[in-house]
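Colleague: Each chain, letter by letter, is given below.
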Amino acid sequence: MHPRQWMTVHQKGLYCAPADCYIDPMEKVDTAIITHGHADHARPGHKRVIASAPTLDIMRTRYGNDMARQTIALASGHVKALGDAGDPVYLSLVPAGHILGSCQAVLSYRDQRLVISGDYKRRPDPTCPPFEVTPCDVFITEATFGLPVFKHPPIEREIAKLLNSLAVFPHRCHLVGTYALGKCQRVLLALREAGYTKPVYLHGALLRLCSLYQRYGIELGELVAVSDVDDKSTLAGEIVLAPPSALADRWSRSLPEVRTVMASGWMQIRARARQRKAELPLIISDHCDWPELISTLRDVSPQEVWVTHGREDALVYQARTMGFKAQALSLIGYENEDESG
Amino acid sequence: MNAFSDLLEQLYFTGSTNTKAAILKHYIATTPDPDRGWAIAAIAGTLRFDFFKRNTVKKLMLERVDEALFAMSYDYVGEMSETVAHLWPEPATAQSAALPSLSEVVETFRSAKRNEVSGHLQRYLDMMTAAQRWALIKLGTRGLRIGMSARSVKQVLAEYGDKDIQEIEALWHAMMPPYTTLLAYLEGRADKPDISDSVTFHPVMLAHPIDDRVLDNWQPADWQVEHKFDGIRVQLVVTAKGKALFSRTGDDISHAFPDLTDSVDRHMVVDGELLVIHGDKQGMPQVDTFNALQQRLNKKKPAPSLIKSLPAGMIVYDAMSLDGQSLTELPLSQRRTRLEKWFSSVALPRLYLSRTLQADSTAALRQLHEHASQDLAVEGLMIKRKAGQYIPGRPKGEWYKWKRDPLYVDAVVMYAQRGHGNRSSYYSDFTFGAWQGDTLLPIGKAYSGFTDEELKKLDNWVRRHAIGRFGPVREVEKALVVEVAFDAVHPSKRHKSGVALRFPRIHRIRWDKPAAEADTLDIVKSLIERAE
Chain A
1230 MHPRQWMTVH QKGLYCAPAD CYIDPMEKVD TAIITHGHAD HARPGHKRVI ASAPTLDIMR
1290 TRYGNDMARQ TIALASGHVK ALGDAGDPVY LSLVPAGHIL GSCQAVLSYR DQRLVISGDY
1350 KRRPDPTCPP FEVTPCDVFI TEATFGLPVF KHPPIEREIA KLLNSLAVFP HRCHLVGTYA
1410 LGKCQRVLLA LREAGYTKPV YLHGALLRLC SLYQRYGIEL GELVAVSDVD DKSTLAGEIV
1470 LAPPSALADR WSRSLPEVRT VMASGWMQIR ARARQRKAEL PLIISDHCDW PELISTLRDV
1530 SPQEVWVTHG REDALVYQAR TMGFKAQALS LIGYENEDES G
Chain B
46 MNAFSDLLEQ LYFTGSTNTK AAILKHYIAT TPDPDRGWAI AAIAGTLRFD FFKRNTVKKL
106 MLERVDEALF AMSYDYVGEM SETVAHLWPE PATAQSAALP SLSEVVETFR SAKRNEVSGH
166 LQRYLDMMTA AQRWALIKLG TRGLRIGMSA RSVKQVLAEY GDKDIQEIEA LWHAMMPPYT
226 TLLAYLEGRA DKPDISDSVT FHPVMLAHPI DDRVLDNWQP ADWQVEHKFD GIRVQLVVTA
286 KGKALFSRTG DDISHAFPDL TDSVDRHMVV DGELLVIHGD KQGMPQVDTF NALQQRLNKK
346 KPAPSLIKSL PAGMIVYDAM SLDGQSLTEL PLSQRRTRLE KWFSSVALPR LYLSRTLQAD
406 STAALRQLHE HASQDLAVEG LMIKRKAGQY IPGRPKGEWY KWKRDPLYVD AVVMYAQRGH
466 GNRSSYYSDF TFGAWQGDTL LPIGKAYSGF TDEELKKLDN WVRRHAIGRF GPVREVEKAL
526 VVEVAFDAVH PSKRHKSGVA LRFPRIHRIR WDKPAAEADT LDIVKSLIER AE
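So the protein lines, in turn, are chains A and B. Here this note's numbering is used: the first residue of the first sequence is 1230, the next is one more, and so on. Here this note's numbering is used: the first residue of the second sequence is 46, the next is one more, and so on.
Derived from the structure by calculation, the hints contain no laboratory data. Glycine residues also receive a C-beta, built at the ideal position from the N, C-alpha and C atoms. A portion of the hints provided could be inaccurate.
[What the hints assert, rightly or not] Away from chain A, derived, C-beta distances all over 12 angstroms, residues of chain B: (1) Ala-48; (2) Gly-123; (3) Val-129; (4) Thr-476; (5) Lys-501; (6) Lys-538.
[Claimed, not checked] Below, simulated DSS-like cross-link-like pairs (lysine-lysine); rule was C-alpha separation at most 25 angstroms, straight line: (7) A:Lys-1506 to B:Lys-346; (8) B:Lys-346 to B:Lys-326; (9) B:Lys-70 to B:Lys-288; (10) B:Lys-501 to A:Lys-1241; (11) B:Lys-538 to B:Lys-344; (12) A:Lys-1380 to B:Lys-103; (13) A:Lys-1241 to B:Lys-523; (14) A:Lys-1380 to B:Lys-104; (15) A:Lys-1506 to B:Lys-502; (16) B:Lys-431 to B:Lys-446; (17) B:Lys-386 to B:Lys-431; (18) B:Lys-501 to A:Lys-1506; (19) B:Lys-502 to A:Lys-1390; (20) B:Lys-344 to A:Lys-1241; (21) B:Lys-208 to B:Lys-288; (22) A:Lys-1461 to A:Lys-1506; (23) B:Lys-490 to B:Lys-501.
All chains should be built: construct the whole structure from the sequences, respecting the hints.
Modeller: Here it is in structure tokens:
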């Protein structure tokens, strides 16, 4: 049976009727499949949540242990039957390469298979296993950076810009805006890989998720909470990571001669960087850029492409040009820019 | 070109004015002539020619990218140069050829024949990074906006040469890029350039909006009161070397108004308002509306028939020099006396002396202000201190403008479009309409008047309530009411609603108000002023 008959867009989000569950719903529901832990996808208060173990841990870290009445951790490669036992929907989770724990949801019903990519990227990321190509009939892809202007440079080049700036402005505190989940840890790892061994200072809002990553065996090097530094003037010439919302906040005023840096895929667009008042924009993204979106369509090669949040129009147009049947799903509520990009 | 691109990058992403100035000063001190002079011209906006047309850039781009994807990208990015900078394909093989210097680029395009421009542009774009491509296109189409005004560039030059900014201002419009003589003077390597008799723009004196404190302490004898005409501010310069009409920013607009410049030959630098004037009746100029002037402004070379039907004229209200004699250091009262005498002694068929108005108390002044709105060509009052010299810039306590009170209607948002520059990728341009029966007819467009915070909310609202798309324009549910402020309503044959608003802006967003309760077109039409 064609997925359009069993997968529909509701007010609360994407709904699979024969399994009676939502995927990344915007409101509280009975059963939710959560692709990854970003707040616009993973919300608290569902009765039952099915997700990868790290995603469940992220949700607990953010929302507390009672974030859902029941949690089901589904390991990669395992299959779970949902709905009517005589006519089940089979669910499995496969890596999406976006952040720790991020997965694509693979749903099979009768003779058809549908893959919901969630957010994903194709670049190597030491914090999570790479995106796995899963053949399917319908592929639902995100389109956060779904315009040909988006071409992300290698992360090494962007980190080099930061280290170069530290050398040019050794007296200035480099305050880097990073999303708390994923971007922060990826920037830390890239700094370490570039040979930066000094302690990195963190805004309080980033601490718990970094500890969680460390518990998963991801080495982030020496981290110090800014609140533990008595004399803030010693942070001159150091790297401080903070959530983007804290960049222009009163919090940052205690730091010495701040140079505002922002790490996000949006930084490629000048006006966006200026809207953030970033003096040094770093183009570091946890999503696909345009060439990767296109090569993913080619790799997955589904019968049909459905495009969700982001620049849907352009990707639908491109998919059709490539010969796919394609349509935009109008899912409102994703793409909270304080959370991802 | 490398250093220039780096300079722009640094300036673009630096917020603080002082740091920007320091960056530019450092660039000027460390960059040779003529590169630095061209950079100064690019930033101050004084380049005299386009290297290439936007359309040339677009054509080259469309040879390399799908047209629909280009349009969607441009719509999102909100700026042509940046869109092209990102979309331009990276050359397959690494380019080892060194980038040409800024002055080489300028010379290449300046000396290029028309059919060579596209080839040069393509060759340069192929050898550049995205940031450099952006700099080149911005430079070549004279669209550079890096948050640095001509005034701040002059300030940097003044500091660089340890001179007073007034001195730079006075010299500025007589100097030409790449400013080698000016820089030589600033560096003490040459004498001060002689600019007497040159046909150049003289920086003008500007007014502050009136405030109640000024009105409360207003002494009638100390002030000159005039109408504020609804045209554009211009300066007419005639010297032994020639004549020119300048806009208030110093753009030479003589070519569009030959009827005005041909009508004068006495030497002068006069300050006034450019308007369409149909002769005079008993000494009173018959001034047409701003709409009429707009038709002349849009034509670079007006046809004789247009000149005849909409003749240009100027209402003169001040003089910086008359018959070669500078008046700027005289008080306004004396400049005015000279101007009156001069007007009575010479025949100037297209120039009219601005009338002074009498008000012997603040109450009388308020009454004048109320009545000022009855004349279609007037948008308020000008109040000037009689004892003041002519001081370029916006000196405090000298000149005040008192615009007529705005009008308001509640209108319904119908369409939204993304903004440009700072507002790139936000829906910030709104078309709104008024009710006629149960249909809405668009009455205007506004893209200002709201805070950044409100902009975000509006943008979010548009995304959630979009119901259709016409190219870059989103149609939205007819559910949001905005209170629109504007200066006047004119009848218009070009709009289906039959009205055109002058300077509409969003005054308040009425999140609370149901669309059905917005104003009707009849109410809007009732605000049209009847010409007497």
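Colleague: Using Cβ atoms and 12 angstroms as the threshold, tell me whether Gly-123 (chain B) really stays out of contact range of chain A.
Modeller: Non-interface label on Gly-123 (chain B) violated, nearest chain A Cβ at 7 angstroms vs cutoff 12 angstroms.
Colleague: Hint check: Lys-386 (chain B) vs Lys-431 (chain B), CA-CA at most 25 angstroms. Holds or violated?
Modeller: holds (17 angstroms)
Colleague: Are the Cα positions of Lys-1380 (chain A) and Lys-103 (chain B) separated by 25 angstroms at most?
Modeller: OK: Lys-1380 (chain A) and Lys-103 (chain B) at ~20 angstroms, within 25 angstroms.
Colleague: Lys-346 (chain B) and Lys-326 (chain B): Cα distance at most 25 angstroms?
Modeller: violated (29 angstroms)
Colleague: Would you check the hint for Lys-1461 (chain A) and Lys-1506 (chain A), treating anything up to 25 angstroms between C-alpha atoms as holding?
Modeller: At roughly 22 angstroms apart (the allowed maximum being 25 angstroms), Lys-1506 (chain A) and Lys-1461 (chain A) satisfy the hint.
Colleague: Hey, Lys-502 (chain B) versus Lys-1390 (chain A), does the alpha-carbon distance stay inside 25 angstroms?
Modeller: violated (34 angstroms)
Colleague: What's the verdict on Lys-501 (chain B) and Lys-1506 (chain A), does the C-alpha distance respect the 25 angstroms limit or exceed it?
Modeller: Holds - the C-alpha atoms of Lys-1506 (chain A) and Lys-501 (chain B) are around 16 angstroms apart, at most 25 angstroms.
Colleague: Say whether it holds or is violated: Thr-476 (chain B) keeps its Cβ farther than 12 angstroms from all Cβ of chain A.
Modeller: Given a closest Cβ separation of 21 angstroms, the condition holds.
Colleague: Quick one, are Lys-1506 (chain A) and Lys-502 (chain B) close enough, alpha carbons at most 25 angstroms?
Modeller: Between Lys-1506 (chain A) and Lys-502 (chain B) the Cα gap is close to 20 angstroms, so the pair holds against 25 angstroms.
Colleague: Between Lys-1506 (chain A) and Lys-346 (chain B), is the straight-line Cα distance small enough, at 25 angstroms or below?
Modeller: It is violated: about 43 angstroms lies between the C-alpha atoms, which goes past 25 angstroms.
Colleague: Would you say Lys-538 (chain B) is clear of chain A, with no C-beta pair closer than or equal to 12 angstroms?
Modeller: Nearest chain A Cβ is 36 angstroms from Lys-538 (chain B), so the label holds.
Colleague: Against the 25 angstroms threshold, does the CA-CA distance of Lys-1380 (chain A) and Lys-104 (chain B) hold or violate the hint?
Modeller: Cα-Cα ~22 angstroms, so holds.
Hint compliance for this structure: hints 2, 3, 5, 7, 8, 9, 19, 20, 21 are not met, and every other hint is.
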